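Undergrad: Just need the whole structure built from these sequences, with the hints factored in.
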Amino acid sequence: MPVSRRHVMLQGAVIGAGVISSTIPAMKALAQGQPPLRRTLQGLAWNDPIVETYRDAVAQLKAKPNSDKTGWAGLATIHGSNPGAYHFCPHGNWYFLPWHRAFVVTYERFIRKLTSNNDFAMPFWDWTSNPRMPAVFTAAKLPNGKPNALFVDDKDFGQTWKRTWPATKAMPANIVGPAVLQQILAATDYEEFGTSRPKGQNNTNPSWVLKRTGDQGVLEFTPHNNVHNNIGGWMPSASSPRDPIFFMHHCNIDRIWAVWNSLPGNENSPDPLWRGMTFTNNFLNTDGSSWSPKVTDLFDPEKLGYTYGLATPVASASPMPSLVAMRNKLATVRAAPAANAEGVKSFTATPPTGAVGTATAPLNVAVNVDPALLASVTKRTPVASGADLANFAAAQEQRASGPRVLAFIRDVKVTGAQDTEYQVYLDTPETNPQDGASDPSYVGTFGVFVHGEHAGHGGAEEADTNADPSFVLDLTAAIQRVYGSGMTPGTIKLRFVPTVAKPGVRPGTIRPGQVEIVFLNT
Amino acid sequence: MTGIRSGWITRLGAVVLAAFAHLPLAARAESDAMLATIDKPVTVTVQRAPATAEAAAPRRPRVIVSVTNYSPTADCTPVQVVVKGRTEGGAEVEVGRFAITPDQAFDAAAPEAQRFALPLPSGLATDKPVRFTVHLVPVEGARPNSACPPGGPRAAKPGGASVRIGAVEIQ
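Residue numbers (the numbering used here), protein chains in the order written: chain A, 91 to 612; chain L, 89 to 259.
Since the hints were derived computationally from the structure, they do not count as laboratory data.
Keep in mind that the hints are not guaranteed to be accurate.
[To be verified] For lysine-lysine, the following DSBU-like pairs were computed, each having C-alpha atoms within a straight-line distance of at most 30 Å: (1) Lys289(A) to Lys259(A); (2) Lys231(A) to Lys152(A); (3) Lys128(L) to Lys592(A); (4) Lys469(A) to Lys583(A); (5) Lys216(L) to Lys259(A); (6) Lys128(L) to Lys172(L); (7) Lys393(A) to Lys152(A); (8) Lys384(A) to Lys289(A); (9) Lys203(A) to Lys154(A); (10) Lys259(A) to Lys128(L); (11) Lys245(A) to Lys231(A); (12) Lys592(A) to Lys289(A); (13) Lys172(L) to Lys289(A); (14) Lys203(A) to Lys393(A); (15) Lys469(A) to Lys128(L); (16) Lys301(A) to Lys216(L); (17) Lys592(A) to Lys503(A); (18) Lys152(A) to Lys289(A); (19) Lys245(A) to Lys159(A); (20) Lys289(A) to Lys216(L); (21) Lys503(A) to Lys583(A).
[What the hints assert, rightly or not] Some, not all, of what chain L presents toward chain A, calculated at C-beta under 10 Å: (22) Val169; (23) Gly177; (24) Ile188; (25) Thr189; (26) Glu228.
The structure displayed is predicted, hence computed values, not measured ones.
Each residue gets a CB set at the ideal place from its N, CA and C atoms; glycine is no exception.
TA: Now the structure itself:
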């Protein structure tokens, strides 16, 4: 059956689920003479210059003796004197965010100096978009056989320190997922967002910095605390900066503060008890001398030598050029399936005869694709979580400004549609459908609207009620999450998993007539 | 001489134990009632205070949970606190969840308690009393921490994790 435009239902929710992907302002920032961009770790391979620089610097710092205050262990004592005792770092009060911003900047400056790479900016682990620990941190050895300085297997304080969170398990959505981020960013004043002042504070004596009696906000007590504890090893202790992933975690916390600040009306606290606090002799300059920033010195990332690209203004009320081009390409593909027009490459596969997917035996469909095209997708800078809120037009333009991958699931035959929803994953050895949308290989979910006697109707036009429905899913973000560490196979495998939400109901089955993978490039 | 002294100490110990045994039962029950363990949540019913000028501030209604004492699991498997709430006749909803970092034991007098401000779900933002339950739950999929041997610096306490709730209030 020919697939017409009306058979492909561009389901906003499904597209939305798959679209969380990337922030181009990186390049723009550099081009405009702004400081280096802190970008997401997602999509950075082990030999990416950002990862290489960080790993090289960590190795150099670890090579210094523990007694050296400018070494890896020495710098960590700024945060905690030992695993059981904090030193300077505030938690549970309103100095939490500015203090940790200064702490991450301290390391960023040391890394630039040690590696002579002044373009380096600390990448962040965007656990909302990609809740698995970044792969470049979890392998004991690099692909070239050398030890990975970002891996943790340390002996100190009479113990062995290893991360214990499974490398292939996603952090739970109820601590890092989009709903949590939305709740965090909905805070209406600084003390609600970034934890409140310690009880009874009436002056700027430095002793207040260590009081833990403020009302912690969601940002601190949920993703911050839970991710620290879940990772294990050094991370749940006061010596948490001994784990190199500390800085990617805190860089993301810092980025969320910057995103919140960028939203209309979200000002930092005007209170002089907060603004006037100086973190006297808390930090080090790269020459070993003390750095004592005041809270107000820490408001502006650009003045501190980095950017998240959030300030890029988008004044145009009309769609931007890449977005228009991408829409035109999509129109071409919808009008003529399997089109290979300029900037469009299409690959198709048909499931084996008689094969159907069930809850216990999901259907896998493999589509051979051009690995070079796949690599071009994984190399894109993903749109970070929260970027839509900070600047929706810029985020949309970024999504459109590069190669995207769509999966057209055509002529889908289902049973049990009344009670079943059909989940789609990239099929990898680590794929765990139990994790649902938290699984990095999750692409999206669709349902089939049961309409009168015509089970299998997709809810499109009334005129064609007997047609098997078709669906389109955006694979771009899932491909970046799964293959972003450098592995780009020549085959995209999709896994179709029927599931039910109601207890005691048996899931139905699914069989797509054809799967078409389309690469679009503006 | 030594035998006489040890007998005296034993008798003194018995007197002290007896004295504690006669503490008012209500006080002990209240104290236990505020200690959440893995298999025993704490339940607290809160009546929202009438609106004041302060309440008119542009801040979301919140539930403040204060914690005065915390002990991690003996093997330092991560746990988290999950707060749920319901009004009479309403469905129970999750208010939020939090962990305590660093994951080590602490014991604080009430003014020094750690405080966690959870946004109040709209369904619970009523004038009716809200019944909150505070659960201590293991993190699904987490493993015992490598760096947590008995006697280690993180003061893990045998007998399982616990968290003592100082107060639950709606602001």
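Undergrad: All hints are to be evaluated individually against the structure, with a verdict given for each.
TA: So, going through the hints one by one against the coordinates:
1. Lys289(A) to Lys259(A): violated, 38 Å
2. Lys231(A) to Lys152(A): It holds: about 16 Å lies between the C-alpha atoms, which stays within 30 Å.
3. Lys128(L) to Lys592(A): Status holds; Cα separation ~28 Å.
4. Lys469(A) to Lys583(A): holds, 20 Å
5. Lys216(L) to Lys259(A): violated, 41 Å
6. Lys128(L) to Lys172(L): holds, 14 Å
7. Lys393(A) to Lys152(A): holds, 29 Å
8. Lys384(A) to Lys289(A): Cα-Cα ~21 Å, so holds.
9. Lys203(A) to Lys154(A): Given that 30 Å is the threshold and the Cα spacing comes to 15 Å, the pair holds.
10. Lys259(A) to Lys128(L): Roughly 28 Å between the alpha carbons, so the hint for Lys259(A) and Lys128(L) holds.
11. Lys245(A) to Lys231(A): holds, 18 Å
12. Lys592(A) to Lys289(A): violated, 47 Å
13. Lys172(L) to Lys289(A): This hinted pair holds, its Cα atoms lying about 26 Å apart.
14. Lys203(A) to Lys393(A): The given pair, whose Cα atoms are some 18 Å apart, holds under the 30 Å limit.
15. Lys469(A) to Lys128(L): violated, 49 Å
16. Lys301(A) to Lys216(L): The hint is violated at about 34 Å.
17. Lys592(A) to Lys503(A): holds, 22 Å
18. Lys152(A) to Lys289(A): It is violated: about 39 Å lies between the C-alpha atoms, which goes past 30 Å.
19. Lys245(A) to Lys159(A): holds, 19 Å
20. Lys289(A) to Lys216(L): Holds: Lys289(A) and Lys216(L) sit about 28 Å apart, inside 30 Å.
21. Lys503(A) to Lys583(A): The given pair, whose Cα atoms are some 19 Å apart, holds under the 30 Å limit.
22. Val169: holds, 9 Å
23. Gly177: This interface hint is violated because 23 Å lies over the 10 Å limit.
24. Ile188: holds, 7 Å
25. Thr189: holds, 4 Å
26. Glu228: Check passed: Cβ of Glu228(L) comes within 7 Å of chain A, closer than 10 Å.
Figure legend: structure checked against the earlier numbered hints; hints not met, in rising order: 1, 5, 12, 15, 16, 18 and 23.
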